[in-house]
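Respectively, the protein sequence lines represent chains E, X, A and U.
Following my numbering, the numbering of the first sequence begins with 233 at its first residue and continues without gaps.
Following my numbering, the numbering of the second sequence begins with 233 at its first residue and continues without gaps.
Following my numbering, the numbering of the third sequence begins with 233 at its first residue and continues without gaps.
Following my numbering, the numbering of the fourth sequence begins with 233 at its first residue and continues without gaps.
Hints are computed from structural coordinates only; laboratory data are not their basis.
These figures come from a predicted structure and were not determined experimentally.
Do not rely on the hints blindly, as some may be mistaken.
No distinction is drawn between identical chains; accordingly, a pair holds when it is met within one copy or between any pair of copies.
Cut-off 25 Å, straight-line C-alpha distance, at most; resulting in silico cross-link-like pairs (DMTMM-like, lysine to aspartate or glutamate) [claimed, not checked]:
id: 1; residue 1: K266; residue 2: E356
id: 2; residue 1: K377; residue 2: D283
id: 3; residue 1: K253; residue 2: D305
id: 4; residue 1: K384; residue 2: D236
id: 5; residue 1: K384; residue 2: D258
id: 6; residue 1: K253; residue 2: D392
id: 7; residue 1: K384; residue 2: E245
id: 8; residue 1: K377; residue 2: D305
id: 9; residue 1: K377; residue 2: D392
id: 10; residue 1: K266; residue 2: E378
There are 4 protein chains.
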Amino acid sequence: MLVDQILEGLAGEALLTRHIKLRDMDAEALIHAKSAHVSIARTVAAMEQADGIVIATPIFKASYSGLLKVFIDLLPQFALSGKAVLPIATGGSVAHLLALDYGLRPVVQSMGARHIVQSLFVPEADMSLADDRLRVGAQTGAMLKEAIYHFKRAVESTTDDRFLGHPRPIRTA
Amino acid sequence: MLVDQILEGLAGEALLTRHIKLRDMDAEALIHAKSAHVSIARTVAAMEQADGIVIATPIFKASYSGLLKVFIDLLPQFALSGKAVLPIATGGSVAHLLALDYGLRPVVQSMGARHIVQSLFVPEADMSLADDRLRVGAQTGAMLKEAIYHFKRAVESTTDDRFLGHPRPIRTA
Amino acid sequence: MLVDQILEGLAGEALLTRHIKLRDMDAEALIHAKSAHVSIARTVAAMEQADGIVIATPIFKASYSGLLKVFIDLLPQFALSGKAVLPIATGGSVAHLLALDYGLRPVVQSMGARHIVQSLFVPEADMSLADDRLRVGAQTGAMLKEAIYHFKRAVESTTDDRFLGHPRPIRTA
Amino acid sequence: MLVDQILEGLAGEALLTRHIKLRDMDAEALIHAKSAHVSIARTVAAMEQADGIVIATPIFKASYSGLLKVFIDLLPQFALSGKAVLPIATGGSVAHLLALDYGLRPVVQSMGARHIVQSLFVPEADMSLADDRLRVGAQTGAMLKEAIYHFKRAVESTTDDRFLGHPRPIRTA
């Protein structure tokens with residue numbers, strides 16, 4: 233629901249959004265890295281065309297979820313090359329705030345991301361349900377707005393790059 | 233095969249070893265965190281009784297494998313409490329040497345491990361097959377011996393703790 | 233010399249550059265965090281006005297230099313708020329490639345940086361001197377060009393933000 | 233004061249302790265890496281003879297202090313080879329809990345430490361002064377006791393290794 237709220241904030245005339253839930257993919261294909269499986273292949277194709285990716289994960293055991301990493305392991309090495317990325321996480325305790333920046337960013341970086349904007353950590357205690365809609369605290373709300381603004385700008389900048397015909401970044405090792 | 237070689241080096245009068253391959257577990261159970269599934273529940277029970285755990289993973293995208301993390305996410309928060317741990321990884325490039333220490337250790341630490349010995353990184357180029365047996369280079373061989381020696385000592389020390397009736401470590405957050 | 237080469241690549245009609253060497257600052261002031269000392273205060277003031285910062289460090293003991301961190305510790309918590317940052321490092325071995333992404337980025341991130349572009353790691357073996365000028369290998373040269381291009385674009389985007397009167401990002405904890 | 237309290241807890245018939253304050257070292261020698269300076273050389277010599285090292289640091293900007301890293305940069309690459317290490321930190325917010333495990337451990341690991349016991353993070357709010365003595369909360373007190381117990385055991389194990397004439401670990405890169 234947090235992701236849907238962000239996608240709503242992002243959507244506009246110039247921006248199409250799509251929410252892909254890793255949990256709905258085929259378990260066998262994920263675990264045994266069958267990247268040709270239709271549920272995987274379609275997602276990879278959709279990602280290729282995207283200028284920006286929002287990566288959302290819960291924090292378990294001081295790091296991002298295994299489900300996320302299983303999916304990442306299936307992707308081409310530079311699957312995020314030239315793209316804007318917004319990492320967000322929810323966690324039981326603010327003590328896990330650094331897990332995104334220390335744990336997830338180096339992984340995203342290694343896939344050639346062009347711009348990873350400030351990541352967003354939302355403590356579970358700061359979210360509640362009212363009338364089937366997610367409510368967040370005032371500070372989280374403001375940070376959410378910030379994150380959406382900066383991610384939008386990063387996506388635009390990425391799109392400009394593409395029109396300028398700038399080659400994809402070079403990365404080795 | 234690298235793990236089997238380490239387990240051979242560890243086995244002795246006082247030490248029973250067992251090799252659990254995450255890849256053989258039920259994919260559905262792993263992805264949907266069905267910890268009651270027999271293939272999961274048995275492994276968790278076996279781990280509970282162990283004094284030491286060797287964690288082996290390839291390095292993908294600058295970090296440990298998603299399969300490993302999916303399994304870790306299924307375990308109780310302090311599943312490694314009071315245990316000795318030896319982290320080992322194989323990787324295509326020595327450029328990923330730091331992935332174990334920066335990426336995996338904090339996760340293992342968060343599960344209450346008592347002693348994580350020096351981790352071992354084996355570059356793929358340093359391994360070969362001869363007569364169906366894994367061969368490693370001289371330096372890797374020496375580091376392997378070192379790792380086995382220290383892990384054995386750490387396991388013994390852990391066992392002593394248990395006989396001394398020392399309570400399990402306290403951890404919060 | 234690597235930094236000077238990058239600054240040359242950056243300089244142009246619209247961009248003023250300046251190279252600050254931490255090694256020339258007052259040692260007493262650095263170690264005892266005397267942020268009022270003139271050599272510190274001037275640098276902090278110069279940084280405040282900058283739209284982009286290139287952070288260059290050698291890798292020692294699997295992480296950025298202590299000198300860099302001593303200086304960072306002197307800065308206000310959000311000293312990089314709204315700025316573009318390009319992290320670069322030199323190191324004896326490609327085995328330390330991940331030190332920037334795992335070690336330095338979370339620190340830079342915690343200071344509110346708006347856009348940290350792909351970091352650049354240059355192995356010492358890839359640099360040489362010819363006629364008092366630094367020479368780098370072909371691949372490093374291409375990565376350098378990439379880094380300069382993306383950093384320039386990030387700085388421009390940051391400047392636009394400022395003209396749009398967008399408030400500085402909000403960060404807590 | 234926190235360190236002194238730990239050293240008190242450690243001291244006994246078989247264990248000599250000594251508290252070295254980095255802040256008292258010569259600033260010039262630290263910043264310009266003059267490892268021959270007497271205040272540095274003496275400390276390095278004392279460390280060489282130690283079986284265990286308690287490393288204490290505040291958390292600034294999501295990581296260990298620059299002063300600590302400046303000192304570490306002065307040490308030989310394997311200055312902690314074969315030693316037991318207890319990392320402790322104080323910080324303004326529990327949000328920085330992971331900074332020790334993600335930030336400091338890889339550095340300590342790279343210096344060949346034999347056993348880094350569970351690190352200890354003490355939030356500033358959990359410490360107070362009463363009659364010129366540091367008071368900590370009940371939970372921190374219990375964790376402190378745990379840490380001292382495990383560090384003592386790790387030091388003993390290290391000492392045994394030395395008497396067994398076991399060679400120092402091999403590390404490369």
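Hint check:
When the C-alpha separation of K266 and E356 is checked against a cutoff of 25 Å, the pair qualifies only between copies, where the shortest distance is 22 Å, while the shortest distance within a copy is 34 Å. In this assembly of identical chains, the alpha carbons of K377 and D283 lie at most 25 Å apart whether taken from the same copy (20 Å) or from different copies (22 Å). For the identical chains of this complex, K253 and D305 are neighbours both inside a copy (16 Å) and across copies (18 Å), given an alpha-carbon limit of 25 Å. Within a single copy, K384 and D236 get their C-alpha atoms as close as 15 Å, which meets the 25 Å cut-off; across copies the closest is 33 Å, which misses it.
For the identical chains of this complex, K384 and D258 are neighbours neither inside a copy (31 Å) nor across copies (40 Å), given an alpha-carbon limit of 25 Å. Neither within a single protomer nor between protomers do K253 and D392 lie at most 25 Å apart by alpha-carbon distance, with minima of 28 Å and 35 Å respectively. Proximity of K384 and E245 under a CA criterion of 25 Å is satisfied intra-copy only: 12 Å inside one chain copy versus 28 Å between copies. Taking identical chains as interchangeable, the C-alpha atoms of K377 and D305 are never at most 25 Å apart, the minima being 31 Å within one chain and 29 Å between chains.
Taking the shortest Cα distances, K377 and D392 sit within 25 Å of each other both inside one copy (23 Å) and across copies (18 Å). Taking CA atoms no more than 25 Å apart as the test, K266 paired with E378 passes in neither setting, with 38 Å inside one copy and 34 Å between copies.
The structure fails hints 5, 6, 8 and 10 (numbered hints given earlier, in ascending order).
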